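Let the sequences and hints guide you as you build the complete structure.
Protein sequence lines, in the order shown, are assigned to chains A and B. Per our numbering, the first sequence runs over residues 43 to 556. Per our numbering, the second sequence runs over residues 43 to 556.
Treat the hints with care, since some could be wrong.
Copies of one chain are not kept apart here, so a pair can be met inside one copy or by any two copies together.
Pairs of lysine-lysine residues, derived as DSBU-like cross-links and limited to a Cα-Cα distance of at most 30 Å, are as follows [what the hints assert, rightly or not]:
#1 K344 with K286
#2 K133 with K344
#3 K408 with K133
#4 K168 with K255
#5 K408 with K134
#6 K286 with K168
#7 K371 with K344
#8 K408 with K171
#9 K171 with K371
#10 K371 with K179
#11 K255 with K134
Read the hints as simulated data drawn from the structure, not as lab findings. Computed from a predicted model, the values in this text were never measured in an experiment.
2 protein chains.
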Amino acid sequence: LIVGVILRYGTPSTSGHDKPFSCSQEDRPFTTLLVNVSGKFFEYTLKGEISPGKIHNVEQNDMLRKVTFDPEVFFNILLPPIIFHAGYSLKKRHFFRNLGSILAYAFLGTAVSCFIIGNLMYGVVKLMKLVGQLSGKFYYTDCLLFGAIISATDPVTVLAIFNELHADVDLYALLFGESVLNDAVAIVLSSSIVAYQPTGENTHAFDAAAFFKSVGVFLGIFSGSFMMGAVTGVVTALVTKFTKLHCFPLLETALFFLMSWSTFLLAEACGFTGVVAVLFCGITQAHYTYNNLSVESRSRTKQLFEVLHFLAENFIFSYMGLALFTFQKHIFSPVFIIGAFIAIFFGRAAHIYPLSFLLNLGRRHKISWNFQHMMMFSGLRGAMAFALAIRDTATYSHQMMFSTTLLIVFFTVWIVGGGTTPMLSWLNIRVGVDPDQDPPPTNDSFQVLQGDGPDSERRNRTKQESAWLFRLWYSFDHNYLKPILTHSGPPLTTTLPSWCGLVARCLTSPQVYD
Amino acid sequence: LIVGVILRYGTPSTSGHDKPFSCSQEDRPFTTLLVNVSGKFFEYTLKGEISPGKIHNVEQNDMLRKVTFDPEVFFNILLPPIIFHAGYSLKKRHFFRNLGSILAYAFLGTAVSCFIIGNLMYGVVKLMKLVGQLSGKFYYTDCLLFGAIISATDPVTVLAIFNELHADVDLYALLFGESVLNDAVAIVLSSSIVAYQPTGENTHAFDAAAFFKSVGVFLGIFSGSFMMGAVTGVVTALVTKFTKLHCFPLLETALFFLMSWSTFLLAEACGFTGVVAVLFCGITQAHYTYNNLSVESRSRTKQLFEVLHFLAENFIFSYMGLALFTFQKHIFSPVFIIGAFIAIFFGRAAHIYPLSFLLNLGRRHKISWNFQHMMMFSGLRGAMAFALAIRDTATYSHQMMFSTTLLIVFFTVWIVGGGTTPMLSWLNIRVGVDPDQDPPPTNDSFQVLQGDGPDSERRNRTKQESAWLFRLWYSFDHNYLKPILTHSGPPLTTTLPSWCGLVARCLTSPQVYD
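Right under this line is the structure:
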């Protein structure tokens with residue numbers, strides 16, 4: 043923020059010799075342009091379209107433009123390590139135990155939130171049009187897009203405090219799982235909304251056919267990305283299992299890194315969403331490949347992605363501060379901003395409470411009221427909302443949405459994030475929990491039975507306590523996938539020779555969800 | 043290589059709708075261009091000048107252009123981690139013990155090699171002109187630039203084999219130190235040659251004043267970069283010593299990474315050479331900051347830079363293979379290539395043997411003939427030569443130099459690198475040496491006395507056996523710099539409270555060069 047203020051107001055405006063040059067072209071724009079300047083030829087590449095009203099902006103302030111990144115940098119460089127790390131460091135047992143609820147919150151909840159925010163914002167926009175505060179076009183799909191952008195919660199501050207205070211593990215799993223998956227949902231949601239945005243000037247109305255087409259696109263992209271991530275993870279698991287790679291930890295780490303990264307590129311190349319693919323790749327890698335890695339590579343990969351994630355996340359937050367002042371197309375509309383804050387409040391409420399009620403009908407271990415309040419409170423917006431909003435700031439409506447998103451991110455991270463510890467104690471959520479221990483029997487709200495006895499006993503209890511979805515998956519995974527893809531489990535291990543002394547310890551201990 | 047062949051010959055040439063568009067401009071080229079295409083405005087950015095004869099190349103094959111990187115990527119993204127890692131993982135004791143010889147080889151040797159190769163190549167170019175094989179301009183400074191480019195040795199294969207076979211540590215230190223420093227020397231040398239290249243069309247002749255100006259620029263840039271790197275290293279050491287940063291290992295690692303990287307950016311911003319600054323920053327970080335880091339950060343930073351270095355180096359070598367077929371402006375001139383191979387042979391010989399003779403006059407432990415032969419043999423060219431050559435491929439002469447450099451790199455890495463193990467045994471260079479042990483007394487060529495007894499004894503012997511330059515530096519460093527910048531050494535440690543229990547172990551063991 044401070045650097046942004048200095049750059050904005052502390053430096054002289056330099057609009058010297060970089061004046062744009064106009065020349066006319068008949069047809070569609072070329073991607074490459076050759077310009078003849080007094081006999082010499084210079085090559086130019088297409089950067090993008092500029093609306094006629096904004097032409098003076100190009101020459102406005104060169105300094106500020108230099109600190110502005112290509113938004114695709116966020117999607118292609120900064121988000122993948124963050125998302126991959128989220129998947130790779132997932133606390134699997136608690137995640138899978140609450141899988142059904144997490145999926146409900148992430149998919150259904152985000153869609154509900156997106157829809158409600160979109161509709162409320164459409165009302166706000168209509169109001170602004172009546173009052174005459176709207177000086178550009180704002181379609182219904184723009185409102186829905188804003189709903190998708192702002193529905194990606196990122197309770198990074200909340201989860202950091204949870205981690206530090208060792209707050210309830212199931213609440214942690216619910217919040218973390220939801221935020222990780224709804225990032226993915228929001229990306230796919232927003233890109234399918236953009237794909238079916240009306241292109242003509244007069245199609246204000248929302249088209250039902252287009253809506254269902256969007257839903258189809260959404261499901262297609264999501265499942266495709268999921269498959270892509272899972273497949274690369276499985277391939278890496280097979281490669282690390284059936285080769286001598288574990289004898290060369292550096293090579294192993296590098297290959298692991300490159301395979302995970304190429305998931306992203308492959309998915310993008312196939313028209314899927316790289317970030318979603320990378321998330322599921324991370325989960326698969328942690329679940330299978332991790333067991334095949336050498337001891338050195340295990341710590342190396344964990345540390346590498348931890349550092350990358352840390353750097354990327356801090357970079358995004360730093361850039362947000364900078365962007366608040368250096369971004370040149372801010373449109374701050376008080377009505378829109380106040381409307382957006384009210385809309386996200388109602389969107390979050392309509393997301394958490396009805397869904398929790400429905401889930402509690404089916405859950406043996408109910409989600410208590412104070413957990414629901416905490417989830418309502420933890421609807422922070424962060425890096426993903428910012429990245430989605432900055433992706434397209436070409437039109438009036440997108441610029442207004444970007445400025446509003448930035449303010450919402452700042453407000454929720456600073457004010458709401460800062461209030462996490464008081465909120466935890468106010469809601470009587472227990473802290474100081476060892477994630478591998480039984481919850482104390484005094485907790486009556488969310489009690490789970492979880493043994494820490496020997497393996498088989500624990501597995502039985504895990505089965506007993508878990509959701510049916512998890513149980514189905516667990517038995518399939520334990521009986522078929524794990525023995526094929528990793529060195530653990532009985533069926534395959536006995537038939538395979540251990541190529542290399544280094545990896546001997548990998549073979550000894552069968553992995554359970556932890 | 044294989045992917046390059048496939049891209050080149052296996053894919054149809056797609057020169058469809060990306061045809062360049064020409065329009066005329068009066069003055070100098072603008073960096074931003076606005077083009078009016080049927081009412082819409084599109085923004086273009088300047089990519090570079092194209093010589094009129096090469097205009098058809100722009101539309102030739104879009105696929106091949108897509109796999110071609112901006113050469114600055116090598117300098118700004120890929121080289122810094124490689125060079126930093128070289129500095130950070132330096133075996134300090136052996137490096138500093140041979141400091142005088144290493145400096146002589148790196149500075150004097152590289153300059154001699156550059157000058158000799160440059161002059162020989164000028165002869166080759168003259169010959170080509172006589173025979174009529176030269177179809178473009180080739181100045182004397184181009185030849186000198188080629189000398190600078192190709193003088194950067196990179197015995198990565200040789201050193202990998204040395205490391206694996208535990209070959210003689212002093213020979214390793216000489217080769218490694220030389221290659222690390224001569225990378226830096228070659229960069230500065232080539233940029234000072236480029237800076238004083240005659241700009242007019244008719245200044246073929248070499249200007250003595252320009253030469254001395256180049257030398258001045260060289261010394262200025264080198265010492266400036268050195269200072270910049272050392273200063274950031276010292277600042278990081280002070281920050282890590284006098285703050286509680288070691289209680290947050292992830293933050294510490296991230297800051298360490300960012301400080302090291304910013305050295306590069308800072309140096310580039312000040313007009314110095316980032317890569318050189320990063321090298322000395324790495325040495326300083328390893329020497330001082332490393333001692334202040336938490337145990338976790340020590341392994342984390344080492345592993346992080348190891349992985350980054352590994353990835354970057356492999357990327358460069360992969361890209362080299364690709365570039366051999368997909369680079370579109372190759373000019374392979376048999377005469378020039380044969381001349382270059384002969385020139386680098388003589389350049390390396392004139393670099394090693396006379397200098398070794400002079401150094402042996404002063405050295406107590408002579409550099410034996412088989413060591414000299416091994417050093418002569420280890421004159422491999424690698425990533426740095428490639429990066430320097432690809433930096434500017436705009437003119438005829440630079441394109442020919444690039445193609446030749448690529449072939450030299452391939453030949454030396456594959457053929458010469460592959461012959462390292464036979465060469466080692468043929469030259470009777472002992473292998474299986476423990477770097478921390480005394481050399482066996484049977485070795486009469488390069489015997490050094492080096493105790494592994496208690497600290498003070500070892501320090502005395504180290505002093506006794508070392509070069510005067512090292513002794514001077516050692517006492518200054520041990521008495522003043524180490525106590526100020528790190529937690530080791532008596533003078534300051536006793537007066538400083540230990541802020542944090544985590545770092546207690548840092549305080550206990552005074553560090554020696556190892």
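Going down the list of hints, with the structure as the test:
no., hint, verdict
1, K344 with K286, "both (21 Å within a copy, 24 Å between copies)"
2, K133 with K344, "both (13 Å within a copy, 27 Å between copies)"
3, K408 with K133, "within (21 Å within a copy, 60 Å between copies)"
4, K168 with K255, "within (26 Å within a copy, 70 Å between copies)"
5, K408 with K134, "within (20 Å within a copy, 61 Å between copies)"
6, K286 with K168, "neither (64 Å within a copy, 54 Å between copies)"
7, K371 with K344, "neither (39 Å within a copy, 43 Å between copies)"
8, K408 with K171, "neither (45 Å within a copy, 88 Å between copies)"
9, K171 with K371, "within (21 Å within a copy, 58 Å between copies)"
10, K371 with K179, "within (15 Å within a copy, 48 Å between copies)"
11, K255 with K134, "neither (34 Å within a copy, 64 Å between copies)"
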